[in-house]
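Q: Residues per chain, in single letters:
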Amino acid sequence: MATETHGVEAAHGAAEAGMPQLDFSTFPNQIFWLLVTLVVIYFVLSKIALPRISTVLAERSGTIMNDISAAEELKLKAKEAEEAYNAALAEAKAQAQQIANETRAAIQADLDAATAKADAEISAKTAESEKAIAEIRDGALESVKDVAKDTAKELVAAMGSSADARSITAAVTARMKG
Amino acid sequence: MATEAHGSESSLVFHPMDQFKVTPLFGDGAVHWYTITNVTLWMAISVIGVILLLVVGSRGRAIVPSKGQSIAELTYGFVYKMIEDVTGKDAVKYFPYVMTLFIFIVFSNMLGLLPLSFTTTSHIAVTGVLALLVFLFVTILGFVKNGSKFLALFWVSSAPMAVRPLLAVIELISYFVRPVSHSIRLAGNMMAGHAVIKVFAGFAAIAAISPVSILAITAMYGLEILVAFIQAYVFTILTCVYLKDALHPVH
Numbered sequence: 067m068a069t070e071t072h073g074v075e076a077a078h079g080a081a082e083a084g085m086p087q088l089d090f091s092t093f094p095n096q097i098f099w100l101l102v103t104l105v106v107i108y109f110v111l112s113k114i115a116l117p118r119i120s121t122v123l124a125e126r127s128g129t130i131m132n133d134i135s136a137a138e139e140l141k142l143k144a145k146e147a148e149e150a151y152n153a154a155l156a157e158a159k160a161q162a163q164q165i166a167n168e169t170r171a172a173i174q175a176d177l178d179a180a181t182a183k184a185d186a187e188i189s190a191k192t193a194e195s196e197k198a199i200a201e202i203r204d205g206a207l208e209s210v211k212d213v214a215k216d217t218a219k220e221l222v223a224a225m226g227s228s229a230d231a232r233s234i235t236a237a238v239t240a241r242m243k244g
Numbered sequence: 120m121a122t123e124a125h126g127s128e129s130s131l132v133f134h135p136m137d138q139f140k141v142t143p144l145f146g147d148g149a150v151h152w153y154t155i156t157n158v159t160l161w162m163a164i165s166v167i168g169v170i171l172l173l174v175v176g177s178r179g180r181a182i183v184p185s186k187g188q189s190i191a192e193l194t195y196g197f198v199y200k201m202i203e204d205v206t207g208k209d210a211v212k213y214f215p216y217v218m219t220l221f222i223f224i225v226f227s228n229m230l231g232l233l234p235l236s237f238t239t240t241s242h243i244a245v246t247g248v249l250a251l252l253v254f255l256f257v258t259i260l261g262f263v264k265n266g267s268k269f270l271a272l273f274w275v276s277s278a279p280m281a282v283r284p285l286l287a288v289i290e291l292i293s294y295f296v297r298p299v300s301h302s303i304r305l306a307g308n309m310m311a312g313h314a315v316i317k318v319f320a321g322f323a324a325i326a327a328i329s330p331v332s333i334l335a336i337t338a339m340y341g342l343e344i345l346v347a348f349i350q351a352y353v354f355t356i357l358t359c360v361y362l363k364d365a366l367h368p369v370h
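Quick note, the sequences are listed as chains S and Z, same order.
Numbers given in this note's numbering equal positions in the first sequence, counted from 1, plus 66.
Numbers given in this note's numbering equal positions in the second sequence, counted from 1, plus 119.
Just so you know, the hints here were simulated from the structure itself, not pulled from any lab data.
Treat the hints loosely; a few may be bogus.
Stated by the list, open to error - The calculated SDA-like cross-link candidates involving lysine to any residue, where the alpha carbons are at most 25 Å apart (straight line), are:
hint: 1; chain 1: Z; residue 1: 208; chain 2: S; residue 2: 121
hint: 2; chain 1: Z; residue 1: 212; chain 2: S; residue 2: 116
hint: 3; chain 1: Z; residue 1: 208; chain 2: S; residue 2: 123
hint: 4; chain 1: Z; residue 1: 200; chain 2: S; residue 2: 127
hint: 5; chain 1: Z; residue 1: 186; chain 2: S; residue 2: 126
hint: 6; chain 1: S; residue 1: 113; chain 2: Z; residue 2: 168
hint: 7; chain 1: Z; residue 1: 363; chain 2: S; residue 2: 127
hint: 8; chain 1: S; residue 1: 113; chain 2: Z; residue 2: 190
hint: 9; chain 1: Z; residue 1: 186; chain 2: S; residue 2: 85
Said to hold, decoys possible - Here are some chain S residues pointing at chain Z (derived, C-beta under 8 Å):
hint: 10; residue: 85
hint: 11; residue: 93
hint: 12; residue: 94
hint: 13; residue: 98
hint: 14; residue: 99
hint: 15; residue: 104
hint: 16; residue: 106
hint: 17; residue: 107
hint: 18; residue: 110
hint: 19; residue: 112
hint: 20; residue: 118
hint: 21; residue: 122
hint: 22; residue: 125
hint: 23; residue: 142
Stated by the list, open to error - Facing chain S, according to a computed beta carbon distance under 8 Å, are these residues of chain Z, among others:
hint: 24; residue: 135
hint: 25; residue: 136
hint: 26; residue: 153
hint: 27; residue: 156
hint: 28; residue: 195
hint: 29; residue: 211
hint: 30; residue: 218
hint: 31; residue: 219
hint: 32; residue: 242
Ideal Cβ positions, reconstructed from N, Cα and C, are used throughout, including at glycine.
The shape of chain S in the complex, shown without the other chains (with noise of 0.2 Å):
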C-alpha cells in the first residue's frame, strides 16, 4: 500500500500529497454518496424505527402508569383490610375481656358463697369441739379428785391409821386449789 501510492504521489506531485480533503475532484463523489445515505437514513428513521420506538416508549410509560395506579388500588384495599381486621380484633378483645370479667365475678361469687359457708361450717365445728374439750377437761379434773382422794385413802391406811372420807375430801380439794 505505502510504496503503491508512493509511486502514485510522486507522479500527481506535491499539491495533491497534501490533504486528499482539498482534492476538489473527488468532491461530486463524496457529496452524492452522502445525500444518498442521508436520504437512506432518514426514511429509515421515519418509517421505520423513530415510530416504532416511541410506540414502545408510549407502551412503556402507559404499563407503568397501569401498574402503579393498580398497585394504588390494592395498598388501599390492603389498607382497608388490615382496619377492619384490626376492628375485628380489637372488638374480639373486649368481648374476651368481658367474658373473663363475667366469669371471674360469678368464680369470684361462688367462691365468697364457698368461703361463708366453710367458715361457718368451721366456726361451728370450733364451737363443738371447744365444748367437748371443756367437757373432757371438766371430767379430767374429776377424776383426778377421785383419784387424788382414792390415792390419800389408801396412803392413810396404808400408814396404819384411819381418816374419815370427809377430811379427806377436803385436805384433797384444798390441796388442788392450791
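Following the hints, position chain Z against chain S.
A: Then chain Z, alone, in the frame of chain S:
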C-alpha cells in the same frame, strides 16, 4: 508533509494522510460523481449499522427491552431530550432530521476508528454539506416561520441604539460563519486524531521506540473514541441551538 518525511529518512515512512484518500472500490480510474468508492462503502456500512441498531435492535418491541433495544431507546431518548431541552417542545417535529444527522455522524466517526477503515466525516466535503444543509434549513425555516421578524436575530434590542448597527454587522458575519465553523470543527477533529495515530504508527517501525509508540497509539485511540462521540454530540447540539434561533429569533 508526508513526502518530506519520506524523502529524508529511509527507515521512517510517514503517510498520515493516505488514509483519507478517496479511491474507486473496483478498478483503477477517475473518481466520477457516480463511482462506487471507499466513501460509498463506508457510508453503506454506516447505514447498515444504523439499521442494525435502530431497526433490528428494536424489532422485539418489548415492554421489558433486550440489550439491543435498550441501546436503541437510549439513543432515541438522548437526541429527543437534547432537542426538547435545547430547542423546545415545539421543535420535536424536526426530531427525525436531527436524529438523522446525529446517527450518521456518530456511526461514521465510530466506524472510522476501525483499523483500515475510511472516515467519511474527516472530509470537509461531507461535513460542509452537512453544515450547509443545517444552515439552509434553519435560515429558510426562520423566514418561513417568522417572516421579516427573523431579522430581529441580528438587531440586538437590548443594546443601546448607537451600537445596534455595529452589532448587527457582527451578528450577520457570525451568522454566516456558522456553517464554516460547524463543518471544520467536525472534519478537523476527525482528521487530526487519525493523522496523529498514523504518525505514531510510523514511529513503531523503530524497535526502540515501538513500545512507547504503541502505548501512545492506545492512549490516542481512547481519546479518539471520546472525540468521535463528543463531536457528534457537539454537531447535533449546535444544530439544535441554530434551530432554536430559527423558531424563536428574539435576541
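Q: Tell me if the interface restraint on residue 107/S is satisfied: Cβ within less than 8 Å of some Cβ in chain Z.
A: Because about 5 Å separates residue 107/S from the closest Cβ in chain Z, which is inside the 8 Å limit, the hint holds.
Q: Given the hint that residue 186/Z pairs with residue 126/S, does the C-alpha gap stay at or below 25 Å?
A: holds, 16 Å
Q: Does residue 112/S pass the interface check with chain Z, least Cβ-Cβ distance below 8 Å?
A: At 4 Å from the nearest chain Z Cβ, residue 112/S passes the 8 Å test, so the hint holds.
Q: Below or equal to 25 Å on CA atoms is what counts here, so check residue 113/S against residue 168/Z.
A: Holds, at roughly 17 Å.
Q: Using 8 Å as the Cβ threshold, decide whether residue 219/Z counts as touching chain S.
A: holds, 5 Å
Q: Can the restraint linking residue 363/Z and residue 127/S be considered satisfied, given a maximum Cα separation of 25 Å?
A: violated, 28 Å
Q: Can you verify the interface hint for residue 142/S: is its Cβ closer than 8 Å to any Cβ in chain Z?
A: violated, 25 Å
Q: Assess, step by step, whether the Cα of residue 200/Z is no farther than 25 Å from the Cα of residue 127/S, and give holds or violated.
A: holds, 16 Å
Q: Just to be careful: measuring from the Cβ of residue 106/S to every Cβ in chain Z, is the smallest value less than 8 Å?
A: Since chain Z brings a Cβ to about 5 Å from residue 106/S, closer than 8 Å, the hint holds.
Q: Grab the minimum C-beta distance from residue 211/Z to chain S and call the hint holds if it beats 8 Å, violated otherwise.
A: Check failed: Cβ of residue 211/Z comes no nearer than 10 Å to chain S, outside 8 Å.
Q: Within 25 Å, alpha carbon to alpha carbon, are residue 208/Z and residue 123/S?
A: holds, 17 Å
Q: With a cut-off of 8 Å on the beta carbons, see whether residue 118/S makes it to chain Z.
A: holds, 5 Å
In summary, the structure is inconsistent with hints 7, 9, 23, 24 and 29 from the numbered list given earlier, while agreeing with the others.
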